[in-house]
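Engineer: So the protein lines, in turn, are chains D and Y. Residue numbers for the first sequence follow our numbering, beginning at 1259 and rising by one. Residue numbers for the second sequence follow our numbering, beginning at 23 and rising by one.
Everything labelled a hint here was simulated from the structure, so no lab data went into it. Only a predicted model underlies this, so the values are computations on that prediction, with no experimental measurement involved. Some hints could be false.
Below, a list of computed lysine to any residue pairs in the SDA-like style, where the Cα atoms sit at most 20 angstroms apart [what the hints assert, rightly or not]: (1) D:Lys1451 with Y:Asp27; (2) D:Lys1443 with Y:Arg78; (3) D:Lys1451 with Y:Val41; (4) D:Lys1443 with Y:Asp77; (5) D:Lys1443 with Y:Arg73; (6) D:Lys1443 with Y:Glu37; (7) D:Lys1268 with D:Ala1291; (8) D:Lys1451 with Y:Gln74; (9) D:Lys1451 with D:Ser1410; (10) D:Lys1268 with Y:Asp105; (11) D:Lys1451 with Y:Ala39; (12) D:Lys1451 with D:Asn1439; (13) D:Lys1443 with Y:Pro70; (14) D:Lys1268 with D:Arg1280; (15) D:Lys1268 with D:Leu1290; (16) D:Lys1451 with D:Glu1406; (17) D:Lys1370 with D:Trp1434; (18) D:Lys1443 with D:Arg1412; (19) D:Lys1443 with Y:Arg83; (20) D:Lys1443 with Y:Ser44; (21) D:Lys1443 with D:Glu1411; (22) D:Lys1443 with Y:Glu84.
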Amino acid sequence: MSPVGIVTVKTRDNAEWLSALRSSGAEQATALADLRVFLLRAALYALRRARGNLGLMARAEIEALAEDCAQESVLAILQALDRFRGESRFTTWAYSFAVNAALVAARRERWKRVPLDPLIEDGAWHGADPGRQALEDETLAAVRDAIEECLSERQRQALKAVVFDDVPLDELARHWGSNRNALYKLLHDARRKLKACLEVRFSMPVQPTRRSEP
Amino acid sequence: MTGPDFDGLLRHIRETADVEISCTDCFDLVPQYVDLEVAGQDADAAVPRLRQHLDRCAVCREEYETLRDLARLEAEGRLPSVDDLRNSL
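Chain Y extracted, bound-state conformation (with noise of 0.2 angstroms):
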């Protein structure tokens, strides 16, 4: 048992900025910064602050690596299909 977290609590307050983004503005904004991700380009200069509120929100951040790894795979014509992923269920 390693005990709460302090080390990431103590991170997560140094870093605090005085505005944040909300989970309303990150989900708008996760589209656009997953595919200039898949296309190779910046996303974090194009998308300033969504990391920032990635890496404070767990929620946001699941939802954002499974759309991530949704698009990648669709770019790369490997995304199962939907009978595939029925059958993998």
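Pulled out of the complex, with its shape left as it was, chain D reads as follows (with noise of 0.2 angstroms):
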């Protein structure tokens, strides 16, 4: 027996956690209880790190965020059994679905009282440094000049909210009713098309602007 706070739990290995999950009785409930209990540590774990994303929000609050997100993972984890590969330790496959939700959650918390449109519409580049642009003018003009002029306006929109204004993905694809893979992909072909642009309409080798510190 493991102890994980106040319960302790069976030990498990990876085959006797699928064959107690897709029994019935109580040997499956005893093993959706302990899986609960594993899953409400890893939300407990991710949302403690991501306290800075949670704002106001009392302890209450966030333990019962946690719960939720326990309560998700194991309907989710329930459902996607015959996904799991056995290729890691059921529980770090299980602690991924519970993390996942957590983060997701307070990502939303952060992010849910900013007005986006704003954000997206708003073609300038904030926070541009005037001198810096003087000094690597020519690299800067042809990497602009082809995010103007090779991306769509969808592309253009999700480089500068994502890439430059730190708009989480899964929030940005909430906010356009789409979804991360989609705007992964949105951003990959955005990505390939400015390399293009710079390396062979410019006829420029793609390098930095300018050498990381050592």
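Grab the two chains, each in its own frame, and use the hints to assemble them into the complex.
Structural biologist: This is the structure we're talking about:
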């Protein structure tokens, strides 16, 4: 038996977890209760790390959010059991659901009061450093031109929001009624276009404008 | 104020591959990658292209780093209990 907080849960290997969760009656109920404890711990750990995104949320609210994430993850795991290929420990695989649920929720909390439309529709590059622009005018101008001329409006908006304004991919996806995969592909396509534009159209190597400090 | 991270963007553009894995693929592969890392094995060799996605995708990277640290603490027997985590919120 393994202690996880105030309760003690049975230690299982991968096959035992799968067997117990696919069983019925008391065996399945015990496994579900144990799994929920593991997931609650993972959710609490993730939310504690993301505490900075949770603003003024009271401890009780964070605990309730962790409980919700754990419960949501139990359901997701039961639906995904056939996708578990045994290439990791079952518990690591299960933790990934709770970590995902908790961090998506934390990002939601951080960004829910930020109006994204003005941020997305504002075409200006916030915080541009005029001095640096002058020094690196040629490279920056090429990048700016490529962004303006080679990308679609949607790609420009996504690039600006995610790369320059640090809007989380899942928050922008939620705002646009899309999903994380689709947004990642949109940005991947944008990077491929920019790479082609900068290397072929402008006949220049795509290198950083300055080297990082050692 | 440092301005927009054009250097970071240029690096990402330069390293862009024709084929990159999706966030869903990343989610499916991260547990194996994390377990290999925690065990001290060559995770990049066993799970190719995952690191590339993690370098590009901030949300997947945040989830990977949290899972990795959680698994590492657990493997070392140092993961706080539910009660300790509650009390430290």
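Engineer: Compare the structure with each hint and give your call.
Structural biologist: Hint check results:
Only pairs whose Cα atoms come within 20 angstroms are accepted, and Lys1451 of chain D paired with Asp27 of chain Y is accepted, the gap being roughly 19 angstroms. With a C-alpha separation of about 11 angstroms, the suggested pair Lys1443 of chain D and Arg78 of chain Y falls inside the 20 angstroms cut-off, and the hint holds. For a cut-off of 20 angstroms, the pair hint linking Lys1451 of chain D to Val41 of chain Y stands: about 13 angstroms separates their Cα positions. This hinted pair checks out: Lys1443 of chain D and Asp77 of chain Y have alpha carbons roughly 15 angstroms apart, not beyond 20 angstroms.
Taking the CA atoms of Lys1443 of chain D and Arg73 of chain Y, the gap is about 17 angstroms. The hint holds against a cut of 20 angstroms. Between the alpha carbons of Lys1443 of chain D and Glu37 of chain Y the distance comes to roughly 15 angstroms, so the proposed pair stays at or under 20 angstroms and holds. The suggested pairing of Lys1268 of chain D with Ala1291 of chain D holds, with an alpha-carbon distance near 10 angstroms, which does not exceed 20 angstroms. Taken as a hint, the Lys1451 of chain D and Gln74 of chain Y pair is honoured in the structure, with Cα atoms around 18 angstroms apart against an allowance of 20 angstroms.
Between Lys1451 of chain D and Ser1410 of chain D the CA atoms are separated by roughly 10 angstroms; this keeps the pair inside 20 angstroms, and the hint holds. Restraint check: the Cα-Cα separation between Lys1268 of chain D and Asp105 of chain Y comes to about 18 angstroms, which is no more than 20 angstroms; the hinted pair holds. Taken as a hint, the Lys1451 of chain D and Ala39 of chain Y pair is honoured in the structure, with Cα atoms around 11 angstroms apart against an allowance of 20 angstroms. With a C-alpha separation of about 18 angstroms, the suggested pair Lys1451 of chain D and Asn1439 of chain D falls inside the 20 angstroms cut-off, and the hint holds.
Straight-line distance between C-alpha atoms of Lys1443 of chain D and Pro70 of chain Y comes to about 19 angstroms, which keeps the hinted pair within the 20 angstroms bound. Of the pairs offered as hints, the one joining Lys1268 of chain D and Arg1280 of chain D holds, with about 16 angstroms between alpha carbons and a cut-off of 20 angstroms not exceeded. Our distance criterion of 20 angstroms between C-alpha atoms is met by Lys1268 of chain D and Leu1290 of chain D, whose separation comes to about 11 angstroms. About 11 angstroms separates the Cα atoms of Lys1451 of chain D and Glu1406 of chain D, which keeps this hinted pair within 20 angstroms; it holds.
Among the hinted pairs, Lys1370 of chain D with Trp1434 of chain D is consistent with the structure: their alpha-carbon atoms are about 14 angstroms apart, no more than 20 angstroms. Under the criterion of a C-alpha separation no larger than 20 angstroms, the hint pairing Lys1443 of chain D with Arg1412 of chain D is consistent with the structure, at around 12 angstroms. For the hint linking Lys1443 of chain D to Arg83 of chain Y, the alpha-carbon distance of about 16 angstroms falls within 20 angstroms, and the restraint holds. At roughly 7 angstroms between alpha-carbon atoms, Lys1443 of chain D and Ser44 of chain Y fall within 20 angstroms of each other, so this suggested pair holds.
Restraint check for Lys1443 of chain D and Glu1411 of chain D: the C-alpha separation of about 15 angstroms stays at or below 20 angstroms, so the hint holds. Distance hint between Lys1443 of chain D and Glu84 of chain Y is fulfilled; the C-alpha atoms sit about 19 angstroms from each other, no more than 20 angstroms.
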